[in-house]
Structures are given as structure tokens and as C-alpha cells.
Amino acid sequence: MLINDTQKKIKDKFPSLAVEIVGSALVVPKSSLLEVATFLKNELSFENCHSVTAVDRKDKMEAVYHLYSTSNHIMLTLKVILPMDDLTVESLYLLWPSANWLERETFDFFGIKFLHHPDLRRIMNPDEWTDYPLRKDFKRDDFIPRPQSTGLKG
Amino acid sequence: MGEELIVNMGPQHPSTHGVLYLELKLDGEVVLDCVPHLGYLHRSMEKIAENRTYTQFIPFTDRLDYLASMNNNLGYCLAVEKLLNVEVTPRAQYLRVIIAELNRVASHLVAIGTFAQDLGAYATPLFYAFSDREKIVELFDELCGSRLTYNYVRIGGLSGDIPPGTDKVIKDFIKYEYKQLVEYNELLTHNVIFLARSKNIGILSKELAQAYSVSGPILRASGVRWDLRKDEPYLVYDKFDFDVCVGTVGDSWDRFKVRLDEVTQSLRIIEQAIEAIPEGNPVSKVNRVFRGTGESYLRTENPRGELGFYLVAEGGFNPYRCKIRSPSFSNLSVLPALIKGLNISDAVCVLGSLDIVMGEIDR
Chain A
1 MLINDTQKKI KDKFPSLAVE IVGSALVVPK SSLLEVATFL KNELSFENCH SVTAVDRKDK
61 MEAVYHLYST SNHIMLTLKV ILPMDDLTVE SLYLLWPSAN WLERETFDFF GIKFLHHPDL
121 RRIMNPDEWT DYPLRKDFKR DDFIPRPQST GLKG
Chain B
155 MGEELIVNMG PQHPSTHGVL YLELKLDGEV VLDCVPHLGY LHRSMEKIAE NRTYTQFIPF
215 TDRLDYLASM NNNLGYCLAV EKLLNVEVTP RAQYLRVIIA ELNRVASHLV AIGTFAQDLG
275 AYATPLFYAF SDREKIVELF DELCGSRLTY NYVRIGGLSG DIPPGTDKVI KDFIKYEYKQ
335 LVEYNELLTH NVIFLARSKN IGILSKELAQ AYSVSGPILR ASGVRWDLRK DEPYLVYDKF
395 DFDVCVGTVG DSWDRFKVRL DEVTQSLRII EQAIEAIPEG NPVSKVNRVF RGTGESYLRT
455 ENPRGELGFY LVAEGGFNPY RCKIRSPSFS NLSVLPALIK GLNISDAVCV LGSLDIVMGE
515 IDR
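Residue numbers (this note's numbering), protein chains in the order written: chain A, 1 to 154; chain B, 155 to 517.
Source of the hints: derived by calculation from the structure; they are not laboratory data. Be aware that a few hints might be false.
Derived list of chain A stretches under chain B, where covered just means 3 residues or more per stretch with a C-beta under 8 Å from a C-beta of chain B [claimed, not checked]:
hint, stretch
1, 6-19
2, 23-35
3, 54-68
Computed from the model, here is a short list of chain A residues facing chain B with C-beta under 10 Å [to be verified]:
hint, residue
4, W101
5, T130
6, L134
Beta carbons: idealized from backbone N, C-alpha and C, even for Gly.
So here's chain A without its partners, still in its complex pose (with noise of 0.2 Å):
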């Protein structure tokens, strides 16, 4: 019902923006990004990045943001959809500092690159690997994943 509003009043903004509701999250177009989060932060009150991450769905990536208005009491879950051959996307660091750290952690174990982030480096890998390791492609020779479970009966 909450998620429902919040799409309406950014289809009222802009009308031409194609904003949908897919499952508990909006997602908005990769371009506009920017602008709906302005949008967001200074007129619907979600003055806080709770916490930006992705997911990577194997043929297209998510960018996940979590944005919380303390005032009104609603968590957004905001997606952006990037195809795995550009993965970039703004930074919204200048929004809230707190997307600085998270955006750099997203870009260490996804590999997406936050355009006009200030000091976009690995924070918890070492600066000198090329991979990414939450990636469901990712490989490294002393790295093997458990077998999926199969589940026992019971």
C-alpha cells in the first residue's frame, strides 16, 4: 500500500518515467536514477541510505537500494536493472554520504561501477585482484563451492 503512494507520487513528478513495482521493490530506469533519488531525499523525506547492495540474477544485475524516511516510517526498497555488459550506474553519494562505503563495498564484490563516486577502491578485497567475488560466476582455484543441497525428508 506504502510502495504503492510512493509510486504514484513519482509518476505524478514524472509522468513519462516508467516506474513499476516488481514483487516488495520499485524499480526505475537506470538513467533516471539520479533524479528519482533526488526526488526521493528532498520531497518524500527518505533521508536515510540504509544500505545499497546488489544481486546478481545471472543474465542482468540489481542494484538494490534501501532508503528509510524516519518521519513517515517506510522502508523503500529501490532497484535499478543493469544489463551485465554495463554495469554502471551514478553514485548517489552526494545525496546521502552514507552511500560512499556501501557503494564501494557493492563495487568490490560485484564490480559495479558507481560513476562520480569520490573514492571509488576495493574496501574489504585486496586491491590487487581483478575479480568479483558474490558474482554466481565467480571462480578461483581454491575456492569450491559446496554442492547445492538436496533436501533431506523431514
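Let chain A serve as the given structure and place chain B on it in line with the hints.
Only chain B this time, still in chain A's reference frame:
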């Protein structure tokens, strides 16, 4: 203007609370710039979660914030329960509140003790705090057979009921701890040296705290009355009468004081909860192995702030993706802004008052 000097503080340094490496640019004693380097304790918990069933991942959450393992167990289990729409019996909910608050007390005691240690109050406050914490740790040992990594909260309930007589032990502890808190106040709170070291050091404004998504006692010390237990109650927190402790200035002393006050509030919650534990069976009836679909994001109020679990399930026995939003990570990100212009000894004070745990920052 003297010569600029780069000093590496950590990763092996007693006051960095684990393996944190701070690259400090100094002019004499004054910190000009600070670049934190993380990852020395990185174990890739999120990748591990993708390779385990939902139940198998619970023991790993113990190793996130290892001073508040019960709270981590609880946060993860609540997120999975939200994904599965599982109802938990009232008895399990009350017991969960009690163990979560006991662990909050234990965690805050460590924070208070180590903070005083960082300020040069060598050993005495630390040993006071640790001997109090020991009582809680021993109680948890009775509950689940482990002193540090509990694995007690399960999806859909708890791993077992409390042994008979536990309520007596907890009541005795509460009585004892109230007496101890008076002593902490006399020993530290208004101690002249302690005040001189921590008052007006590292002031974190309300605006800066919110901009950096700081949470927990640090946010409240900056004067923001925000506590998930009060503002978005989960479990049965809405049934208890307790106050949200806030500071006024947002300096290191306020952060210490908020933690000390929160111990009292946690004891009040436990006092009320223990009188009202309903009868029933708290043991989980959910199958150990199950499939999940959908997404859930859930946050709980941990001793260090808001711990969030973002679970994505695609019908398999394992989570497809498990993102852990750890409070210390965001709390630490504000450190460079806080310690610029301070003396190096005050930087240690600010870092101690932030009360970080590297286990949940590096994950």
C-alpha cells in the same frame, strides 16, 4: 606548520578493537586526515550464506558481532521467519526478548569497560565490567552450552527451553547489576579525569549522524530519539515500559552515558518480561531444511545499532543472496569526519566511544 607524518595505526593495535588499520596523516600530534582500511577479518559471510541452507547459516551469524551473538541470531531468524511467514509462540517471543536484552547488557558492559581502558583507566573498570559480563556468559552457557557463539535462536523458536531455576538466576543478576551500576556511576561517569578526557571530544551532530546512516546508541547520543524497539516494535517489545536514552551534545561522554543508561533500561525490560513469560513450548517446529521464495528485509536493534538482513530466495534450499547490513560498518564510516583536527590521543577516545566490532564490519 611542522612536517607531515603518516602513521599506521593498526591492524595490530590494542585500541583499534580488533584488526582495523587506520592510516593517519599527522602534523605533530594533530590528525590531519584518516583513511580506514578494512578487510583484515573478512570471511565473506554473504558468499557462505549462499552455499548453506537457511538453518546452517545461523551459527555463522554468531561470528558477525561476536559480543552480541544472540542478537545476531535473532535478527537473522526474524528475517527468515518474515520470508516464510512463520508464527512464533508467545513463550519463545518472551524468552527471545530476555536473552536479547541480557546480551545487550553484556555487550554494553564490554563497551563501557574497554572505553575506560582506552582512556587510560588501566584494568580496573575493564575487570569490573568483565566480571559482570561473566555472569551473563555463564547463564548463556547453561542455556545452550556455549559461552560466546550460542546458536540458540532458531528459525521458528529456540533450540530449547530454559532450564528450571533460570528465572531465579536472572532475578539475582538484575539485583546485583543495579548495585554495580551505582558503582560504575561513582567510578566513571562524573570522574574528573574521565570527564576531561571524553567531554566535548568528537562531537557528532544530529545531521552528520543521519547523513552517514549512523544508528544505535551513537545516534541516540547525538540527540535523536530513535529506537527500533520503541518506534517499530518487533517481538513483544511494545508490551514493556522502558525509556529511550538520548544524549544532548553527541560527544564521546554522551555515547558512554547512553550505553550506561541503556543497561538500566534493558534490566527493566528483563524484569518485566520475566514476570510475564507465558506457558507453552518455545522449541521450533519448523523443518530444518526448507525452500523459500521472495524477498525480505528486516532490521533489529542490536547493541551497536540497526542490523539488517536482506534475503533473496529463488525457491532453492539455500538463500539466493543474503546481504548483511551491519551497524558498525556505517558507524565507522563517520570516523574520518569525526577525528579530523583532534589529537591522536583523542582519536583513540572517539574510536573507543564508537564501539565497533570488526567481526561485523568485515563480515
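How the hints compare with the structure:
1. Given as covered by chain B, the stretch 6-19 of chain A fails the check, having 0 residues with a CB less than 8 Å from a CB of that chain where 3 are the minimum.
2. Under a criterion of three residues with beta carbons nearer than 8 Å to beta carbons of chain B, the stated coverage of the stretch 23-35 of chain A is upheld, 3 such residues being counted.
3. A count of 4 residues in the stretch 54-68 of chain A with a Cβ less than 8 Å from any Cβ of chain B is obtained; the coverage claim is therefore met, three being the minimum.
4. Because the smallest distance between the Cβ of W101(A) and any Cβ of chain B comes to about 4 Å, under 10 Å, the interface hint for this residue holds.
5. Nearest Cβ of chain B to the Cβ of T130(A): about 16 Å, over the 10 Å cut. The hint is violated.
6. Because the smallest distance between the Cβ of L134(A) and any Cβ of chain B comes to about 6 Å, under 10 Å, the interface hint for this residue holds.
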